[in-house]
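First to last, the protein sequences are chains H and U.
Note that this note's numbering has the first sequence beginning at 1, numbered continuously upward.
Note that this note's numbering has the second sequence beginning at 1, numbered continuously upward.
If you're looking for bench data, these hints aren't it; they were derived computationally from the structure.
In this text the structure is predicted, and so the values were computed from the model without any measurement.
Check each hint, because a few of them may be wrong.
Simulated restraints on C-beta separations [as the list claims (entries may be wrong)]:
1. U/Glu68 to H/Pro14: 45 to 55 Å
2. H/Arg76 to U/Arg15: 43 to 53 Å
3. H/Pro110 to U/Arg15: 38 to 48 Å
4. U/Arg9 to H/Tyr51: 48 to 58 Å
5. U/Glu28 to H/Ser52: 22 to 32 Å
6. U/Ser62 to H/Glu3: 13 to 23 Å
7. U/Pro70 to H/Leu74: 40 to 50 Å
No farther apart than 25 Å at their CA atoms in a straight line, the calculated lysine-lysine pairs in the DSS-like style are these [said to hold, decoys possible]:
8. H/Lys2 to H/Lys45
9. H/Lys79 to H/Lys97
10. U/Lys57 to U/Lys71
11. H/Lys79 to H/Lys2
12. H/Lys42 to H/Lys102
13. H/Lys45 to U/Lys11
14. H/Lys2 to H/Lys102
15. U/Lys57 to H/Lys97
16. U/Lys71 to H/Lys102
17. U/Lys71 to H/Lys97
18. H/Lys42 to H/Lys97
19. H/Lys42 to U/Lys71
20. H/Lys45 to U/Lys57
21. H/Lys79 to H/Lys45
22. H/Lys42 to H/Lys79
23. U/Lys57 to U/Lys11
24. H/Lys45 to H/Lys97
25. H/Lys97 to H/Lys2
26. H/Lys2 to U/Lys57
By construction, the Cβ of each residue, glycine as well, lies at the ideal position given by its N, Cα and C atoms.
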Amino acid sequence: RKEVEQDPGPFNVPEGATVAFNCTYSNSASQSFFWYRQDCRKEPKLLMSVYSSGNEDGRFTAQLNRASQYISLLIRDSKLSDSATYLCVVSLGRDDKIIFGKGTRLHILP
Amino acid sequence: DTGVSQNPRHKITKRGQNVTFRCDPISEHNRLYWYRQTLGQGPEFLTYFQNEAQLEKSRLLSDRFSAERPKGSFSTLEIQRTEQGDSAMYLCASSNVGQGAIYEQYFGPGTRLTVT
């Protein structure tokens, strides 16, 4: 089993719709979780950290399920500008390297 | 601009040549990371530094690759005897690891290497 797995997509979603991605991780000792966004030929940019209680930032909601070892990202009222690759990131802890998933490609259709 | 910077942004080299890339992290960040990313893949960890100490190297980092961070500020990544398989985007990131902090990494724009 890969350390971090994501559905590569692409997800083709009409503007205004709600879309959700899941990401599974293999190491139950993982402690830190993040979602990054990467535009074509650009560097990854931190979208949000994922906290145990779940967290929301505007149209974006992140959830962590430790029992099933997955994190999720929900995007509501999707915009054309949300089109990007979304990278799931997991770390064992603050002193450990982080592991990226391969990313999920999202295309928002007008 | 106080973000992470990388130079050069693009590098085209012939197989067998040596190349060196530079990364300047966010100034107060004590940790610096190098990643490699190829098309359709997420970034793959290469190595990281805590201040000037290199704490971990990936198995991806063959003996042709070497990284330094001599004064705990900027870092260089050198690839000797480049091969076509080294063609990729080389990304640098920095973070600030403190007591009890959930660190977050901030990436530079990357150096795109093409080996012909």
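A quick look at each hint next to the structure:
Distance hint check for U/Glu68 and H/Pro14: the Cβ-Cβ separation is about 49 Å, which falls inside the suggested range of 45 to 55 Å. A hinted range of 43 to 53 Å holds for the C-beta pair H/Arg76 and U/Arg15, which are about 49 Å apart. Against the hinted window of 38 to 48 Å, the Cβ-Cβ separation of H/Pro110 and U/Arg15 comes to about 44 Å, which satisfies the hint. The supplied range of 48 to 58 Å is broken by U/Arg9 and H/Tyr51, whose beta-carbon atoms lie about 35 Å from each other.
Range check, U/Glu28 to H/Ser52: Cβ separation about 28 Å, and the 22 to 32 Å hint holds. One distance hint, 13 to 23 Å for the beta-carbon pair U/Ser62 and H/Glu3, holds here, with the actual separation near 21 Å. A hinted range of 40 to 50 Å holds for the C-beta pair U/Pro70 and H/Leu74, which are about 44 Å apart. Simply put, H/Lys2 and H/Lys45 have alpha-carbon atoms about 23 Å apart, close enough for the 25 Å limit, and the pair holds.
At most 25 Å may separate the alpha-carbon atoms for a hinted pair to count; H/Lys79 and H/Lys97 exceed this at roughly 32 Å. Note on U/Lys57 and U/Lys71: the hinted pairing holds, with a Cα-Cα distance of about 19 Å set against a maximum of 25 Å. A distance of roughly 31 Å separates the Cα atoms of H/Lys79 and H/Lys2; the hinted pair therefore is violated under the 25 Å criterion. Of the pairs offered as hints, the one joining H/Lys42 and H/Lys102 holds, with about 15 Å between alpha carbons and a cut-off of 25 Å not exceeded.
For the hint linking H/Lys45 to U/Lys11, the alpha-carbon distance of about 23 Å falls within 25 Å, and the restraint holds. This hinted pair checks out: H/Lys2 and H/Lys102 have alpha carbons roughly 11 Å apart, not beyond 25 Å. Of the pairs offered as hints, the one joining U/Lys57 and H/Lys97 holds, with about 10 Å between alpha carbons and a cut-off of 25 Å not exceeded. Proposed proximity of U/Lys71 and H/Lys102 is contradicted: the alpha carbons are some 33 Å apart, above 25 Å.
The straight-line distance between the Cα atoms of U/Lys71 and H/Lys97 is roughly 21 Å, inside the 25 Å bound, and the hint therefore holds. A distance of roughly 21 Å separates the Cα atoms of H/Lys42 and H/Lys97; the hinted pair therefore holds under the 25 Å criterion. Taking the CA atoms of H/Lys42 and U/Lys71, the gap is near 28 Å; set against the 25 Å cutoff, the hint is violated. Taken as a hint, the H/Lys45 and U/Lys57 pair is honoured in the structure, with Cα atoms around 23 Å apart against an allowance of 25 Å.
With a CA separation close to 18 Å, the supplied pair H/Lys79 and H/Lys45 stays within the 25 Å bound. A hinted pair counts as satisfied when its Cα atoms are at most 25 Å apart, and H/Lys42 with H/Lys79 qualifies at roughly 19 Å. Proposed proximity of U/Lys57 and U/Lys11 is supported: the alpha carbons are some 23 Å apart, at most 25 Å. For the given pair, H/Lys45 sits about 17 Å from H/Lys97 by alpha-carbon distance, which is consistent with the 25 Å threshold.
For the suggested pair H/Lys97 and H/Lys2, the alpha carbons sit about 16 Å apart, so the restraint of at most 25 Å is met. At roughly 19 Å between alpha-carbon atoms, H/Lys2 and U/Lys57 fall within 25 Å of each other, so this suggested pair holds.
Checked against the numbered hints above, the structure violates hints 4, 9, 11, 16, 19; every other hint is satisfied.
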